[in-house]
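There are 8 protein chains.
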Amino acid sequence: LRAEADADADPETTPDVGVIMGSDSDLDVMRGAHEALDELGFAEQTDFHDAPDARFTYETYVVSAHRTPDLMYAYGETAAERGLDVIIAGAGGKSADLPNMTASIAYPLPVVGVPVQEKSVDSVIGMPTGAPIVAVDAGKSFNAALSAVQMLAREHEVLEDRLVAYHESLTGGVARDSRDLHDMGVAGYVASREE
Amino acid sequence: LRAEADADADPETTPDVGVIMGSDSDLDVMRGAHEALDELGFAEQTDFHDAPDARFTYETYVVSAHRTPDLMYAYGETAAERGLDVIIAGAGGKSADLPNMTASIAYPLPVVGVPVQEKSVDSVIGMPTGAPIVAVDAGKSFNAALSAVQMLAREHEVLEDRLVAYHESLTGGVARDSRDLHDMGVAGYVASREE
Amino acid sequence: LRAEADADADPETTPDVGVIMGSDSDLDVMRGAHEALDELGFAEQTDFHDAPDARFTYETYVVSAHRTPDLMYAYGETAAERGLDVIIAGAGGKSADLPNMTASIAYPLPVVGVPVQEKSVDSVIGMPTGAPIVAVDAGKSFNAALSAVQMLAREHEVLEDRLVAYHESLTGGVARDSRDLHDMGVAGYVASREE
Amino acid sequence: LRAEADADADPETTPDVGVIMGSDSDLDVMRGAHEALDELGFAEQTDFHDAPDARFTYETYVVSAHRTPDLMYAYGETAAERGLDVIIAGAGGKSADLPNMTASIAYPLPVVGVPVQEKSVDSVIGMPTGAPIVAVDAGKSFNAALSAVQMLAREHEVLEDRLVAYHESLTGGVARDSRDLHDMGVAGYVASREE
Amino acid sequence: LRAEADADADPETTPDVGVIMGSDSDLDVMRGAHEALDELGFAEQTDFHDAPDARFTYETYVVSAHRTPDLMYAYGETAAERGLDVIIAGAGGKSADLPNMTASIAYPLPVVGVPVQEKSVDSVIGMPTGAPIVAVDAGKSFNAALSAVQMLAREHEVLEDRLVAYHESLTGGVARDSRDLHDMGVAGYVASREE
Amino acid sequence: LRAEADADADPETTPDVGVIMGSDSDLDVMRGAHEALDELGFAEQTDFHDAPDARFTYETYVVSAHRTPDLMYAYGETAAERGLDVIIAGAGGKSADLPNMTASIAYPLPVVGVPVQEKSVDSVIGMPTGAPIVAVDAGKSFNAALSAVQMLAREHEVLEDRLVAYHESLTGGVARDSRDLHDMGVAGYVASREE
Amino acid sequence: LRAEADADADPETTPDVGVIMGSDSDLDVMRGAHEALDELGFAEQTDFHDAPDARFTYETYVVSAHRTPDLMYAYGETAAERGLDVIIAGAGGKSADLPNMTASIAYPLPVVGVPVQEKSVDSVIGMPTGAPIVAVDAGKSFNAALSAVQMLAREHEVLEDRLVAYHESLTGGVARDSRDLHDMGVAGYVASREE
Amino acid sequence: LRAEADADADPETTPDVGVIMGSDSDLDVMRGAHEALDELGFAEQTDFHDAPDARFTYETYVVSAHRTPDLMYAYGETAAERGLDVIIAGAGGKSADLPNMTASIAYPLPVVGVPVQEKSVDSVIGMPTGAPIVAVDAGKSFNAALSAVQMLAREHEVLEDRLVAYHESLTGGVARDSRDLHDMGVAGYVASREE
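Chains as they are written, first to last, in this note's numbering: chain G, 1 to 195; chain D, 1001 to 1195; chain F, 2001 to 2195; chain V, 3001 to 3195; chain L, 4001 to 4195; chain B, 5001 to 5195; chain W, 6001 to 6195; chain C, 7001 to 7195.
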C-alpha cells in the first residue's frame, strides 16, 4: 500500500471508494455496498496499477483493527495518497473499532461507518468531539454506498443524475405495490404475490 | 423559500451548509455545529439575498417535522435550488423524524443527522434500504459540521487545509496534557489544574 | 387521491378506515387489522368510486415515508376530504416515521400507529407535545383495528354492539380453556390438545 | 359511582372525559391532560349531579390498581353508564396496570393510556390480542387529551374546529421562532432570548 | 368459585397451591411448577369437592387479566376462603398483569409471580410500595413451586424434609458431572456424553 | 454465629426475620424493611441471648458476599439453627450475589431478595432451576418485609390480622385522596396540598 | 480437594490453570478455553497425583455456585495450595455468581471470568471496589485462556514466544483473506470460497 | 517513547505498570488506579531515566485513540521494550477504543481495560476471538490496579503479601460495621454514624 501511495498515480485511474471490513465473515453484509456501487455504474478495481475503463471505481480489503493493527494503520495513512475520495468501513462485534480508527487515521478523508451487527452501532457512532465519523444503521451497507456517492456527487454531476435515476425506479416500485394492493384488495394482492 | 429557490442565485452567494433543528430548544445542542463552522472560517448568512463576504457560509432554521410538516417539505424541496450543498439536521425525542424526512425530501443532497438526545439515535439512524442518511452520535453537532466540511472539501482544497490545521491544534493539546500529566505526576498535575 | 378528495363524495360511500403501511413486506403483520375489521363486519373498498354495500368499509395502501414522501403527503392531506374517519398506519424499522408524519399531516383526524417490529415502538410513540398520535404495541394491528372501531362506535351504536359480541366470544373461549384445564388436570388437558 | 351509574343522567350533563391516575403523586404529570382540555374549552365537573354550563366536561379521580382494586373495578364497570365517552388513564412504575385493567373492564369504551414514567411504557402498551388500548408516550398527558378530543370530534364538529385553531397557534409559534433564528443569526437570537 | 368459597370445606381437603396462568399457551412454561410439585409429592386436585388422598394438593386454572377480568376477580377474592395457602401466577407479554392483580386482590395470601417471557419480568416485579408480590426469573415456574413449598414448610416439617431430599439428589448430580469431567478429561467426557 | 446456632435456643426467643445487606451504604434503602416490620409490631433483637418481649422480632447484619465470603457462609449455614424463619437479603451493584448465595446456603429457608439498585435486579432474580429465590423490585425493601410476614402469617393468624389492618389504612388513604381530588377539582386539590 | 491441598505437591506437577464452569451445559462455550490452551501447548491433567509430561497443564471441574456452594468454597479455598496460578471461571444465566464468588474466595489468585451468555456479562463484571475480577466478553473463553497465559508469561518467557507464534499465524490468515478479496474482486472471492 | 524503548534500561528501573487514559477528563475516574497502587506500595515514576527508589513503580500518560492515533501506536509498540509488565488503559464514550487498540498493539503484554463510563463497557469488553483483553466494570480503576498487581504477584511474592494485608483491613472494616449495626440496632447505628 505504501508503494502504491508513492506511485503518484493519475487520480483518474485510482479507486474513488475504498470498501474495507474487519473480517471476511462481514462480506455477506458488506456486499450491499458493492451492489449499490454496481447499480450506480462503478467498477471494481482489483489491480491498483491497472484501472478499469469506468470513470468511477472502488476497491475492497479485509482489515482487522484488533488482529492486524499495522495493516489498518497503513491503509488509513495511505488512503489519500492512493487517490481515494471516501472510505466505507464495516465492522461487527461490540468493539467495532475499524471504522473509528480508520476515520481518525485517514482524516480528513470522509469515512462512512457500517455497523455489521446491531450491537456494533454504539461502538461505530460514538466518537468524541473533534474526531468525525458518519454512520449508517446496522447492516445498511447499501445506504452507506449511496451516501458515499452523494458526497462524490458534489463534484460530479453525472453521479447526481444516476442517484436520481436510481431513486425514481425505487419510488416507482413502491407506487406500483401501493396501487396493486389497493385495487386488488388484500386477499387478491396476497394471492397475486404467491403465484 | 420557494421564492428564493426560483431566484436562481449565483452559487457563490448562496449558503453552502443549512443547519436546521426541530425546535429552538435544540439550539443549545446544535450550536456545536455553528462553533465548528465558525472555527473553520464559515460565516452565517442571515439574508438570502445579501451574502456575507466569506467564501463559505451557512444558514439556520427551526423546522418541526410534526408541528410544521409543510415548512419541512418546502425546505427540503427547495434546498438544492437554493444552492445548499449539505444539510445538518438535528432533532430530539424518540420520533426524531426531521433528519430522516429531510434526507428523503432533499435527496440526493447529503444530510448529516444529529440526534439531539441519546434516545433520538435509533430514530435518526434507522433508515430503510434505498433512503440514505448519515448520522453522528447524540449531541455531536460539532462533529456533524466537521463531517459536512469533509464532504465539501472533496471539491474545495482550502477546506481540507483548514480541517488539517484544526486537527493539529487539537492533537497538540492532547500531547501537551499527556506530557504534563506524566512529568508532573498525578498529584502535581491535579494541583496545577486546580490553580 | 387529490382527485378523489375533490370528488366531494357522499360520506356513506367513502371508506371509514384507511389502513396504510410503509412497505408491502409489512402486510404479514398488518393483515391483523384487516382480520379484525372483517370480523366486525367491515368490507374492503377497492374502488373509491364504487363503494361496497356494507355500511362500514376500509381501504389499504402502501405509503413509504422515506421512499415516497410525496405520496405520504398527498394521502395525509386528502384523508379528511376523501371521507376517512380514522387511519391505521403501520411501519417497521427504527425510523418508523409513517404513522407520525401521517398523524401530523392528516391532523385532526385520529391516527392509530402500529409499530411493525419491536424496534419500531419508540419511533412510533415518541411524538412531541402538541402533535398527537395513539399507538398500540408492536405487531398488534388487530388491536389497532379494534381501537379504531371503538372510536367510530362513539357515533355508531351498531359498532358498539359488534365489539361487545366479539368480546363475548373471546371471553367464552378463555373460560372454556380454564374449565377444561382444571377439570381434566394438566396431563389430561395436554393430551386432549394433542389429539 | 354505582349510584351515579344508576342515576340514568342526561348525557348532556355527564362528564365526557374521565381522567384517572394511580396515585396523587402522578398529578404533576397528568395535569397536562387538564391543561389541554382547558385549552379546548372543556370544564371540570366536580359534582356528578351538578354539571357545569360548558357543553364538554371532564372529571378526575385517583384510582390505584394495586392498592384499591375494588375502586378500579367499580370505576371501569360504571364508566359507560355514568355517561363517559373516553377515559384517559395514567400510571407510573414498571407495573402500570391501571390503564390496561381499566381498558379491559370499561371495554368497549376507548381508553388512552399515559405511562407516567419512561419505565411504564412497556406495561401500558403491551396488551394481548383482543384486549385493545391505545397509548401515548411517557408523560404526554397533554397529547392524550388531544387524542381523546380527536375521538370525540368524530361526532362533534365544534371540537374539530377547536383542534384546528389550537394547532394553528402552535404552528405559528414555530414559524416565528424559525424566522427569528434565521434573520437574527444564532448569536442575535440567543441574545434576544436571554433578554 | 364463589360457591366453593361458601362451601366452608375442611382445610385438609382443599388445594394448598393454586397455579394460574393468563392463557393456555403459557402452559408449556408453567408445567415446570407442576413438575416440581409432583416431585415433592403433591397431587393435582381436579374436583374441588373430591380431594385426592395426598396430604398436599394443587389446582390449575387459566385466568386472563385482560380478557376475563371478572374471572380473575372472583378467583382472587375467593382464594383464601377456598382454602388456598399460596398462589403461583404466571403471565406473558409486556403487560403481565395477572400476577400483580391477583396479589392485590387475594392479599394477604402470598403470590409468587412467574414472568412467562423475559419481557414480562418488569411488569411482574414492579409493584408499588404497600402492594407486595414476590417473583422468580422469567420462565422459572419450577423454582416458583419450590419457593411456594418453602413457604408451606414453615408449618409442615415433612415438606422441609422433602425439599432437602430433592436438593441432595440435585447436588449429587452436579458433583458426579464434576468428577466425571475432571477425571475423563474434556475429550473423554464429551465422548461419553455423546454415546 | 456458630455458637448461637449451637445454643439450641427456645424458638420463642430467637429472631423470626433476618435482615442482611451487602454494605452499610445499603442501609438507606433497606430501612424500608425495618419500617414495615415496625409497622406490623415486630421488635428489633440486638442481643441473641436477650430477646425483646415482643412475640415477633428481627435482627440486622452487614454481610458482604465479595468482601466477607466467610461471614456470608457462616450466616447462611447457621440461619435455621439460630431459629430464623425467613431472611430478607439486599445487595446493590451489578453482581448482587448476597441474596442468591444466601438463598443457596440457607436453603430450604425462604429468602426474599431485594435489589438495592435498578441494575441489581437481574443478578438477584436470575437463579438457575433448582435453586429458588423470590425477589421484589429494586429498592422495595418495605414490600419484601410485607412478603416475609405473609409467609409467617401462614402459621400465625395474628400476623394475618395485622397485614389486613395495615392494608385498610393504606386503601383508606388512596380513597380519601381520590374523593378530595374529584370534589375539589384539580386546581383546588393542588392548592389544598400546597397549604 | 482439601486432601490435594494438603499434599504439598511439587509446583512443577500441579495444574497451572484451573478451568471451572457452573454446569456441564456450559461446556460447549467453555471448550474454547481448552482449545486455546491446547493450541499453546498445555496438557490436560486429569489426575492430581499423576501429572502429564508437559511443563504447563490445566484441569477442569463443574462447580455450581447455587447448587453446590460447598464445592465452590472448597475449590476456591484450596486453589492456591493446590498449586494453581490462575483460574478461568465461566457461568451462564443472569446470576452468574461462580466467577465472582471464586474470585473472592481464591483471592489473591487472579480469576478470569467468562460470561457464558450475553445476559451474564453484567453479573460477572460488576464487582464492588476492593474485590477484583477481570472479565472477557460473553462466550470468549478462547480469549480468557489467552489472557490467562499472558499472565503466566510474565514469569515464563517460553509462553510469550508461543503467544507471539500463535498471533503471527492469525495475522497471516487475515492478510491472506485481504489480498485474495482485493485481487480476485468480490465476485471472484465469493466464488472461490464456495468451491 | 521510541528513544526510551531503545535505551535498553535495567528492568529494575523501568515502570512496572503503565496507566493510560483517553483524555485528561478521565483522570477523576482513573485516579482509583493510582490510589490502589499507592496503597500497595508502588511509586509513581515521572522520569523514565530517573527511577524512584521503590521496587515497584507506575507511570501515567494521556493517549487518545481518536485524536492522537500515532501516540497510541508508539506507546503500544514500545511498551514491552520500555520494560512495562502490564498496562491499565481507561477510556470513556461509546467508542472506547484505547484499551482495545492498545491490547492489540502491545500484545502479548496483558492489558486491563477500564470503561470510564457505563456506556463504555460494551466497547471495551467486546474483542473478537484471538485478540485478548481483560476488563473490569465501569469506573472500577481501583480494581483494575488490584488485578494488575495480582498478575505481577505471580512472580513477586511480596506483592501477594501486600494484597493479602490490604484485604484483611477491608474485611475487618465490613465485620466491624456488621457487629455495630447488629448490636446497636438500626436506629442506634444510624444515630452513631450521623454524629
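Note that these hints are calculated values from the structure, not bench results. Careful: at least some of the hints might be erroneous.
[What the hints assert, rightly or not] Okay, the calculated bits of chain L under chain F, using three or more residues with CB under 8 Å as the criterion:
1) 4033-4046
2) 4054-4062
3) 4127-4140
4) 4169-4176
Even for Gly, the Cβ is constructed at its ideal location relative to N, Cα and C.
Each hint tested on the structure:
Check result for the stretch 4033-4046 of chain L against chain F: holds, 3 residues qualifying (beta carbon to beta carbon below 8 Å, three or more required). Counting residues of the stretch 4054-4062 of chain L whose beta-carbon sits less than 8 Å from any beta-carbon of chain F gives 4, enough to reach three: the coverage restraint holds. Given a C-beta distance limit of less than 8 Å, the hint that chain F covers the stretch 4127-4140 of chain L is violated, as 0 residues qualify and 3 are needed. With 0 residues carrying a beta carbon less than 8 Å from a beta carbon of chain F, the stretch 4169-4176 of chain L misses the three-residue requirement, and the given coverage is violated.
Hint compliance for this structure: hints 3 and 4 are not met, and every other hint is.
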